[in-house]
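**Student:** Sequence:
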Amino acid sequence: MWQRLAMMCIYGLIIVIMPIHAGHNGELRLLFAGDIMAHDVNISQRDHNQIYERIRPFLQEHHLNFANFESVLSDKIRPQGYPRFSVGSRYAQAAIEAGFNVFSLANNHSADHYRAGILQSLESWQLLRQRYPWVRYAGLRSHPQERWPMEVIHVQGWRVGFIAVTQFLNWQETQQDIGSELVDVINFRNAVVAQSFLRYVQEVRSSVDLLIVSYHGGDEYVLQDEPQKLAFYRRLVDAGADIVWGHHPHVLQPYHWYRDRLIIQSAGNLISGQTWAIKSNDYALDRAYTGDTLLYSVALSAKASDEPLEMRLVQTIPVSSYRHPQHGMILIHLEDLDWLPEAWQRFYHYRYKAMQKFQ
Numbered sequence: 001m002w003q004r005l006a007m008m009c010i011y012g013l014i015i016v017i018m019p020i021h022a023g024h025n026g027e028l029r030l031l032f033a034g035d036i037m038a039h040d041v042n043i044s045q046r047d048h049n050q051i052y053e054r055i056r057p058f059l060q061e062h063h064l065n066f067a068n069f070e071s072v073l074s075d076k077i078r079p080q081g082y083p084r085f086s087v088g089s090r091y092a093q094a095a096i097e098a099g100f101n102v103f104s105l106a107n108n109h110s111a112d113h114y115r116a117g118i119l120q121s122l123e124s125w126q127l128l129r130q131r132y133p134w135v136r137y138a139g140l141r142s143h144p145q146e147r148w149p150m151e152v153i154h155v156q157g158w159r160v161g162f163i164a165v166t167q168f169l170n171w172q173e174t175q176q177d178i179g180s181e182l183v184d185v186i187n188f189r190n191a192v193v194a195q196s197f198l199r200y201v202q203e204v205r206s207s208v209d210l211l212i213v214s215y216h217g218g219d220e221y222v223l224q225d226e227p228q229k230l231a232f233y234r235r236l237v238d239a240g241a242d243i244v245w246g247h248h249p250h251v252l253q254p255y256h257w258y259r260d261r262l263i264i265q266s267a268g269n270l271i272s273g274q275t276w277a278i279k280s281n282d283y284a285l286d287r288a289y290t291g292d293t294l295l296y297s298v299a300l301s302a303k304a305s306d307e308p309l310e311m312r313l314v315q316t317i318p319v320s321s322y323r324h325p326q327h328g329m330i331l332i333h334l335e336d337l338d339w340l341p342e343a344w345q346r347f348y349h350y351r352y353k354a355m356q357k358f359q
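Mapped onto UniProt numbering, the consecutive letters of the sequence shown carry residue numbers 1 to 359.
Simulated from the structure, these hints should not be mistaken for lab results. Values in this document were obtained by computation on a predicted structure and should not be read as measured data. Be aware that one or more of the hints could be misleading.
To be verified - Listed next, the in silico SDA-like pairs over lysine to any residue satisfying Cα-Cα at most 20 Å (straight line):
1) Lys353 x Leu340
2) Lys353 x Leu230
3) Lys353 x Glu307
4) Lys76 x Gln50
5) Lys357 x Leu230
6) Lys353 x Asn281
7) Lys76 x Leu230
The task is simple: from the sequences and hints, build the whole structure.
**Tutor:** Written out as structure tokens, the structure reads:
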């Protein structure tokens, strides 16, 4: 499809193939996922490509697949998990090769290795983009003057604007220079800062056909609506955002429609190690929610200059993390469980029912 260029070396020549599996009628298909975490058990997996193998078919059906990459990315910093996340480029490479092609880089762990880590993350993503030129990202900048830079993605004849911000950064209480001015930080609880950002959204909306705002914030492990955050998300729609894609709570929260626009309050974790120690009879534990997620499949009609934007949520695809005996933590589709041991089938049948309130 658009984002997957197969590169083959034949007689010393590089041939770039750009197959498109989605429709040719001008419809734009988007998929939104949650947090790509990098706990120790995820980092130590031998083959990171196995993480995404069972959700790959869903990614191939969409033009743009969004995920929040919640770690510093650097081949110069020792890989490590919580609380100071850092992974090498092959960890991101696995997500890209599975089909993810748009990444939010603004989150509370962006400055886990301070200014140097932010700059190394940018360098690493730039190198990945040289290898995978269809990849896009937003949320970090190399100079403070680049305030809230919007990534404009051209696909299927659409101009898609993508802005990524986070509510806060970890380690801000330290005396060291963490490089906070290089991350797009917007605290929705600060009225002045929030209003400034809303004005920016309003200003840039006319330059694109579709505007997506990624927001990393709110309270962790809250399964219900967060009224103040939801009110801010609605103000983003009022300012011009067509889709507000939220993450950070590590669990799912209800999605909403507002003025015919989609608000995803929290997409939960996509992949993490937070359910590594869970047993098959722990299906009712609160922690089990950290393994659950939905993939939000969105379709937008062909965009003509004199036509209103039409958006529909095609489906919410139920996915969860599973500790595979050979591959480690992988993602599984909860409507395809027959291959699992019986005890784990029972576990995920329960999780599937628990997730239905979010679908």
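**Student:** Now, for every hint given, state plainly whether the structure supports it.
**Tutor:** Status of the hints after comparison with the structure:
1. Lys353 x Leu340: Distance of about 17 Å is within 20 Å: holds.
2. Lys353 x Leu230: Distance ~25 Å between Lys353 and Leu230 Cα, so the pair is violated.
3. Lys353 x Glu307: violated, 39 Å
4. Lys76 x Gln50: Given pair Lys76, Gln50 is violated - Cα atoms ~24 Å apart, limit 20 Å.
5. Lys357 x Leu230: Holds: Lys357 and Leu230 sit about 18 Å apart, inside 20 Å.
6. Lys353 x Asn281: holds, 15 Å
7. Lys76 x Leu230: violated, 39 Å
Comparing the model with each numbered hint stated earlier shows that hints 2, 3, 4 and 7 do not hold.
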